[in-house]
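Given the sequences, and given the hints that come with them, work out the whole structure.
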Amino acid sequence: MNAFAGTVDRYAQTPRRVAWAGIVVGTLAFWLALPPVQARAPWVPIVVGLLAVACGIWALTRDVGRLAWGAVAVGLIGIGLGVLATRSSTGHLGSVVTWGSLIGSTLVWATPLAYAAVGGMVNERSGVVNIGLEGMMLAGAFFGCLGADKFGSWEMGLLIAAAGGAGFALLFAFFAIHLRADQIVGGTAINFLALGVTGYFFIQVYGQNGTPGDLPRIPNVNIGGLHEHTFFGDAIGHLNIMIWASFVLLIVAHVGLFHTPLGLRLRAVGEHPRAAETVGISVYATRYVAVTISGILAALGGAYLSIGFVGSFGENMTAGRGFIALAAVIFGNWRPFGAYAAAILFGASTALSFRLAVYSDAASVLFQALPYVLTLIAVAGVIGRSIPPAAVGRPYTKQ
Amino acid sequence: MADTATPVLELRGITKRFPGVVANDAVDFDLRKGEVHALLGENGAGKSTLMNILYGLYRHDEGEILLHGKPLDIDSPHEAIAAGIGMVHQHFMLIPVMTVAENIVLASEPTRGNVLLDMSAAEQRVRELAERFKFRVDPRARVEDITVGQQQRVEILKALYRNADILILDEPTAVLTPQEAIELFEILKELVAHGMSVIFISHKLNEVLEIADRITVLRRGKTVATVPREGATEADLARMMVGRDVLLRVEKQPASTGETLLHVEGLRVVDDRGLEAVRDVSLEVRAGEIVAIAGVDGNGQTELIDALTGLRRPAEGRITVGGREMTHASAHQFLEEGVGHIPEDRHRRGLVLEFSLAENLVLHDYAKRPYATRGFMSPRRVLDKARRLLEQFDVRGGTPSTPASALSGGNQQKVVIAREVDRDPRVLIAAQPTRGLDVGAIEFVHRRLVEQRDAGKAVLLISLELDEVLSLADRILVIYEGRIVGEFGPSVTEEELGIAMTGGRREAVA
Chain Z
685 MNAFAGTVDR YAQTPRRVAW AGIVVGTLAF WLALPPVQAR APWVPIVVGL LAVACGIWAL
745 TRDVGRLAWG AVAVGLIGIG LGVLATRSST GHLGSVVTWG SLIGSTLVWA TPLAYAAVGG
805 MVNERSGVVN IGLEGMMLAG AFFGCLGADK FGSWEMGLLI AAAGGAGFAL LFAFFAIHLR
865 ADQIVGGTAI NFLALGVTGY FFIQVYGQNG TPGDLPRIPN VNIGGLHEHT FFGDAIGHLN
925 IMIWASFVLL IVAHVGLFHT PLGLRLRAVG EHPRAAETVG ISVYATRYVA VTISGILAAL
985 GGAYLSIGFV GSFGENMTAG RGFIALAAVI FGNWRPFGAY AAAILFGAST ALSFRLAVYS
1045 DAASVLFQAL PYVLTLIAVA GVIGRSIPPA AVGRPYTKQ
Chain G
5 MADTATPVLE LRGITKRFPG VVANDAVDFD LRKGEVHALL GENGAGKSTL MNILYGLYRH
65 DEGEILLHGK PLDIDSPHEA IAAGIGMVHQ HFMLIPVMTV AENIVLASEP TRGNVLLDMS
125 AAEQRVRELA ERFKFRVDPR ARVEDITVGQ QQRVEILKAL YRNADILILD EPTAVLTPQE
185 AIELFEILKE LVAHGMSVIF ISHKLNEVLE IADRITVLRR GKTVATVPRE GATEADLARM
245 MVGRDVLLRV EKQPASTGET LLHVEGLRVV DDRGLEAVRD VSLEVRAGEI VAIAGVDGNG
305 QTELIDALTG LRRPAEGRIT VGGREMTHAS AHQFLEEGVG HIPEDRHRRG LVLEFSLAEN
365 LVLHDYAKRP YATRGFMSPR RVLDKARRLL EQFDVRGGTP STPASALSGG NQQKVVIARE
425 VDRDPRVLIA AQPTRGLDVG AIEFVHRRLV EQRDAGKAVL LISLELDEVL SLADRILVIY
485 EGRIVGEFGP SVTEEELGIA MTGGRREAVA
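Protein chains in written order, with our numbering: chain Z, 685 to 1083; chain G, 5 to 514.
These aren't lab readings, by the way, just hints derived from the structure by calculation.
Think of the CB as a built atom: it goes at the ideal place given N, C-alpha and C, for glycine as much as any other residue.
Some hints here could point you the wrong way.
Some, not all, of what chain G presents toward chain Z, calculated at C-beta under 8 Å [unchecked claim]:
1) I99
2) V101
3) L110
4) G117
5) V119
Away from chain G, derived, C-beta distances all over 10 Å, residues of chain Z [to be verified]:
6) R724
7) W727
8) M840
9) A873
10) V994
11) G998
Where chain G lies over chain Z, by a calculated footprint (3+ residues, C-beta under 8 Å) [stated by the list, open to error]:
12) 945 to 952
13) 960 to 966
Given below as structure tokens:
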């Protein structure tokens, strides 16, 4: 049986690789029409795109299925967007597509999502669905401002933000874990509660004037010597500390989840809590810790938004980013690198949508919907199906 | 081999009360070093309660537990593990998506520098353990990819890894094929030879007699007796278990067969993964005979049953019932044509567990007279029918309004059989009708099937139990990898059947 499966795998490898190559080539079709190459002849993206479609069709005839359809789709989209790009003026293209600053702003938009997504992944891995990510993020954004303002330092801002997120997370955990309330309902309640609480204190503390203009901000890291370089200077020359910290978080999350005993236990609790309990792991304690971690991370994402990037707080300023982070968890197949990559992709679509607003508002709005479309595609299983932890969303009853 | 001097473990006067029931009533039990001690009893006799107390999942109300002569308080599985007690649950406590090694070391993982998981050390430990006890398991395989028998070995390894010297196995053979059961017994012998002590919970007489050194029989929460294997017979044990004489072999007259009622020709059926599960099966069942399909689980039986009851469309071939073309008929049409179906999985397909017994008993006919007129159900007639059937089929533990989930497995099965038999079908398809039942209930089910045969019905029995096949069938077909590979008369030996079931020999299909 195993030998048989092995043979099948080996035969399946080549067409799968070709399908992946098709996807890459399809992307290339679009890229060639953009700066800096900026091919102006429409036949360039068409020829390259057709090559991608051909790869897809070849793979289709060898039973690759979803991935091959992906290559065909990417090829066609590449042709479409590529031809569009060749027909718009070079001036427009130049102002929208400047790779360095595009990468920089992608990272800026991706970072709040990345923190919340890594947090959301941790609690989903423990078997708890945390719709309340949005509320915890909002709490972080507000308490970050409050802390930075009252204590006069951004470090204290982050600390207070983390405490605020942890508080909402513990409240949610108590309902979802101890009282075994429905996690979706509980999380939704947390979102509204956070909206109310932050709105109330915002008006109480800051009234009509809003947060002060001289809030201590989380500083950027200016890398000397990169300033002159257009590409690297714009891309990574002056990123916020929190962006660099998110790279560290990613590594820690990956190692922690897959290469430590604690990660193994966390995953065990999310897959089969009863089995974990019979070997002496406390399901409740594990889930409390996981939910608290997610609350803290979501709050840090929110605090980055308020005191790192924008420099002020506004009511409901997270505006659904917690939900996009949840989508990133699913799109990233419940893995740290996956969730982070999804956050980057969604960040890129936001960054691009702001750039596109320069010459088309409609296209900009369309791009903002991209994360959700991509998530739908991921859930439908175009590129390998997303498989959630087996016990996710199910309250656990101790024996 | 058992060392008679020192009891490793002793339970004295254990009493456990649940609201309304005494699950264990002053139970005494002792385990010696290096023995297999079987705990035998019907479902609901208190075996599992007793073991859950020992494993720290329940607290006993009275009595004491002595480990190596010293009193011991076990409050949680954690403490049981620390005391050297390991348990293999009936429903495995394994995480399907994780590897064998990950499952085994979970919660006591080897580490590097106290922080990082050391999976290669874990795999090494697992390999060493498996080698010491002479069984094979791939530490890197994912649990969902290995067979049920191998999963059970992983459970045993989990206990061994935690240095258990007492191993509790809760109905370990319930999920195994006969071949896997034999392998399990080999492993148990090896464990005992290494000085471990095993508590083997079962309600199957033959395997208890095969593996146990001593046998303690529980009935209604009380210890009936503890007897050595030597001199014990199946009949004695059954009497102790049930409290009366039990017929272990069904008594039946030779079959007097009539016309062919179920006819299958060249049937091919595809399973959920799109693979061909039933390959070119032809068979016929005549009125007044029981035809058994014997085979190891997963050789196409489920798909065959599905096709014969309208739950799955055959890819090719023909099915006729009483001469009528039924190949592409729906489940409803099969019912209307007089095909009764006792499903393999009574929880998922036989009953709606949340529904009352009365509702379950009219699941097929609720919309017909006399149970409904002009679209309205008649509760009184439904209840009358339920009362009559519960009485006639001796269903205990519930009234017509009790939810089906509240009944024991044996009584649930009686409800399914009552519903199917009461419709007076021409063809009765019984799929593993005694799975998980104890001797008393098995006797009841077997008698009913033979009654149906004698009443001129065509009975198709699909079973994994060779005992059952041999004692009931008038003709035996062996299925292997979706094909019928042999036909035997009722006088065939278990060995011959066993060989055919594993594909060892092919005979011409009659």
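| query | Is the shortest C-beta separation between V119(G) and chain Z less than 8 Å? | reply | holds, 6 Å
| query | Should the hint that I99(G) touches chain Z count as held when the rule is a Cβ pair under 8 Å? | reply | Result: holds, 5 Å to nearest chain Z Cβ.
| said: Please check whether G117(G) passes as an interface residue: C-beta within 8 Å of a C-beta belonging to chain Z. | reply: violated, 11 Å
| message | Quick check on the hint: V101(G) CB to chain Z CB, less than 8 Å? | response | holds, 6 Å
| Is V994(Z) truly not at the interface, in the sense that its beta carbon sits beyond 10 Å from all beta carbons of chain G? | holds, 37 Å
| field | Non-interface claim for A873(Z), where every Cβ of chain G lies beyond 10 Å | value | Its Cβ never comes within 10 Å of chain G, the nearest being 28 Å, so this holds.
| request: Apply the coverage criterion to the region 945 to 952 of chain Z and chain G: a residue qualifies when its Cβ sits closer than 8 Å to a Cβ of the chain, and three qualifying residues are needed. | output: Since three or more residues must qualify, the claim that chain G covers the region 945 to 952 of chain Z holds, with 6 doing so at under 8 Å.
| Hint check, L110(G) versus chain Z [nearest Cβ-Cβ separation less than 8 Å] | Hint holds; L110(G) Cβ to chain Z Cβ min 5 Å, cut 8 Å.
| query | Holds or violated: is the Cβ of W727(Z) farther than 10 Å from all Cβ atoms of chain G? | reply | At about 42 Å from chain G, W727(Z) clears the 10 Å cut-off, so the statement holds.
| said: Confirm or reject: G998(Z) is not an interface residue toward chain G, with every Cβ-Cβ distance exceeding 10 Å. | reply: It holds; G998(Z) is separated from chain G by about 42 Å at its closest Cβ, greater than 10 Å.
| Can we confirm that no CB of chain G comes within 10 Å of the CB of R724(Z)? | Holds: least Cβ distance 48 Å, greater than 10 Å.
| Is the nearest Cβ of chain G still more than 10 Å from the Cβ of M840(Z)? | holds, 30 Å
Of the numbered hints given earlier, the model fails hint 4 alone.
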